[in-house]
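A.B. asks: Here the structure of chain S is known, so what remains is to put chain D in place on it, guided by the hints.
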Amino acid sequence: MSTENNKNTTWLIVGALLVLFLLGAQALQKPKEAAIPVTTTQEIKTVEQPALDSTLVIEQELQTVDLGDIDAEIQTTESDLQSL
Amino acid sequence: MKTTAIHITLIASLVVSSYAHVALAQTKQERIAPQETISKQKENTQQEREAIQQKMQKAQETAKTKREAITKKLKEKLVRIKNEQKRQTVERLDARFTEINEKLTLRLGTALDRLEDLLQKVSSRADKAEANGRDVALVRTTIATAKTAIADARSSVEIQLTKTYPITITTEAQLKSAVAEARTSLNKDLKTLKEVVQKAHTSVVDATKMLKNIPQVDDLRTPEASTTPATTTATSTQ
Chain S
1 MSTENNKNTT WLIVGALLVL FLLGAQALQK PKEAAIPVTT TQEIKTVEQP
51 ALDSTLVIEQ ELQTVDLGDI DAEIQTTESD LQSL
Chain D
85 MKTTAIHITL IASLVVSSYA HVALAQTKQE RIAPQETISK QKENTQQERE
135 AIQQKMQKAQ ETAKTKREAI TKKLKEKLVR IKNEQKRQTV ERLDARFTEI
185 NEKLTLRLGT ALDRLEDLLQ KVSSRADKAE ANGRDVALVR TTIATAKTAI
235 ADARSSVEIQ LTKTYPITIT TEAQLKSAVA EARTSLNKDL KTLKEVVQKA
285 HTSVVDATKM LKNIPQVDDL RTPEASTTPA TTTATSTQ
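Keeping their order, the protein sequence lines are chains S and D.
Using the numbering used here, the first residue of the first sequence is number 1, and each one after it goes up by one.
Using the numbering used here, the first residue of the second sequence is number 85, and each one after it goes up by one.
Where hints are given, some of them may not hold.
Derived contacts from chain D toward chain S, CB cut-off under 8 Å, selection only [claimed, not checked]:
#  : residue
1  : Thr173
2  : Arg176
3  : Ser208
4  : Arg209
5  : Arg267
6  : Asn271
7  : Val280
8  : Val281
9  : His285
10 : Val288
11 : Val289
12 : Leu295
13 : Val301
Per label pair, the in silico range of CB-to-CB distance [as the list claims (entries may be wrong)]:
#  : chain 1 : residue 1 : chain 2 : residue 2 : range
14 : S       : Leu23     : D       : Asn128    : 22 to 30 Å
15 : S       : Asp66     : D       : Arg176    : 22 to 30 Å
16 : S       : Asn6      : D       : Arg305    : 26 to 34 Å
17 : S       : Gln26     : D       : Leu222    : 39 to 47 Å
Everything labelled a hint here was simulated from the structure, so no lab data went into it.
Idealized CB from N, CA, C, for every residue including glycine.
Okay, chain D solo, but in the shape it has when bound:
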């Protein structure tokens, strides 16, 4: 009788502790799997981002070469202007236009990076919703629209980086209007570019709104998470 009682106790203890270990292991695996998926997505984004950075650098180099020639021409034409102070002001404004163009265009490029990151989050959340049996067709459509808008804006940013705003000097009397013309042209182009980026921003907002329409979308988790590690283990043991 005494031995039986001890046996029962030991068996019960073993059952309880093995159940606890299995439950704990499953919980840990569920947490690790989404982390792996997110890391993979981040890696892909990083590669795309590097390719974009290279394109941007190339565009900046092209613009630099163009600008060097323009500055040389400007200096040659400025010889006609007798007022030294005005000559210096024109040269300063020419450099400043270049600076403004680069600064604002690169800022819009950074904004596109952020929009891309946010769209990826929308996509990741949509994946979770879909894995939980929700209809995400409309969200996918808006994500595709936003991706196109971001790509269009990227092209516009690259083009804007190669642009130059030469000051066409004729006479000293027309100096102010020549500089104003270059400035207006820069202002107009930057505003057009901003509108394109704003459109990309709106499209990401639309995708987020569409995602928000899915009931309890923020509470959903990836159900495949618990099966992913099992597949990995099976492959590694072969």
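Chain S on its own, in the form it takes in the complex:
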């Protein structure tokens, strides 16, 4: 009877350890899942997407909008005009 009890206790401990192991594995898996997007092309796009419409990016892009230099272009005709 005592041997039977010991066996059951051992099985219970093994079971409990297995559950704990699975919970631990699950906890470790979460950070790995979070890292997946950075490693694949598809996920990189979706992770970067929100940053593209951030106010910081918009402001930076607004500063680089080129409206052209009219005076510089007009100036290129100056020598021809003066030669007339």
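C.D. replies: For chain D alone, kept in the frame of chain S given last:
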């Protein structure tokens, strides 16, 4: 007892793994949904852009026809000028004025494309803010103002593309002033156009500033993202 322990272990494992799968699937769906919305917006912009391109091409063709007639007239009048070098210079400057007008006007058109793209980003960010319960009324107003400013500038670009700057030749002595007059006219028109585009640029800057006033606006995400795929699935199974 042993069987019970095994059963408990198996049930616990099943619960843990199914929870993990559900959590992972939800996270993926949340990432995919905004991508779909952005793609739709891009498609609409692409269609509008194509329509604008067609208008611009039409304006360029109109201008080309007008210019051909003007160049013909200019050549006829240049016969009066005895100095061959001066004749060539006037012809070169006439062509150059056309070139400058086209180059700078098209560049301003490209700038408007970029401003439109940036305004769409402001709008997209405002959508996210609104979905998160933020008040975006003022941002919407500035976006509407910017849209009008861009549309006005677009019309001005189209008009500018159809413009020509004919050199009115009378005598050889007045040749320089005639060319200078055409050049001044071109310079003035291009500067006016640039001011109109600059106004559109300022209006997009204003919309961005207004958006920036919303606390933590850059950290907000679309909450509807997780519900969108569920709706899609329900429709497809019918």
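A.B. asks: Given D/Asn271 was flagged as interface, is its beta-carbon under 8 Å from a beta-carbon of chain S?
C.D. replies: 5 Å, holds
A.B. asks: Taking the least C-beta to C-beta distance, is D/Ser208 closer than 8 Å to chain S?
C.D. replies: 5 Å, holds
A.B. asks: Holds or violated: D/Val289 as interface residue toward chain S, Cβ cutoff 8 Å?
C.D. replies: Holds: closest Cβ of chain S sits about 6 Å from D/Val289, inside 8 Å.
A.B. asks: Quick one: are S/Asp66 and D/Arg176 within 22 to 30 Å, going by C-beta?
C.D. replies: 27 Å, holds
A.B. asks: Just to be careful: measuring from the Cβ of D/Val301 to every Cβ in chain S, is the smallest value less than 8 Å?
C.D. replies: Holds, about 6 Å.
A.B. asks: Per the hint of 39 to 47 Å, is the separation of the Cβ atoms of S/Gln26 and D/Leu222 within bounds?
C.D. replies: 46 Å, holds
A.B. asks: If you take the shortest Cβ to Cβ gap from D/His285 to chain S, is it below 8 Å?
C.D. replies: 6 Å, holds
A.B. asks: With a cut-off of 8 Å, does the beta carbon of D/Thr173 approach a beta carbon of chain S closely enough for the hint to hold?
C.D. replies: Result: holds, 5 Å to nearest chain S Cβ.
A.B. asks: Is the interface hint for D/Arg209 satisfied, with its Cβ closer than 8 Å to some Cβ of chain S?
C.D. replies: 5 Å, holds
A.B. asks: With chain S as the partner, please determine if D/Arg267 meets the hint condition of a C-beta pair closer than 8 Å.
C.D. replies: 6 Å, holds
A.B. asks: Does D/Leu295 pass the interface hint, meaning its C-beta sits closer than 8 Å to a C-beta of chain S?
C.D. replies: 6 Å, holds
A.B. asks: Any CB of chain S closer than 8 Å to the CB of D/Val281?
C.D. replies: Because about 6 Å separates D/Val281 from the closest Cβ in chain S, which is inside the 8 Å limit, the hint holds.
The structure shown violates the earlier hints numbered 7, 14, 16.
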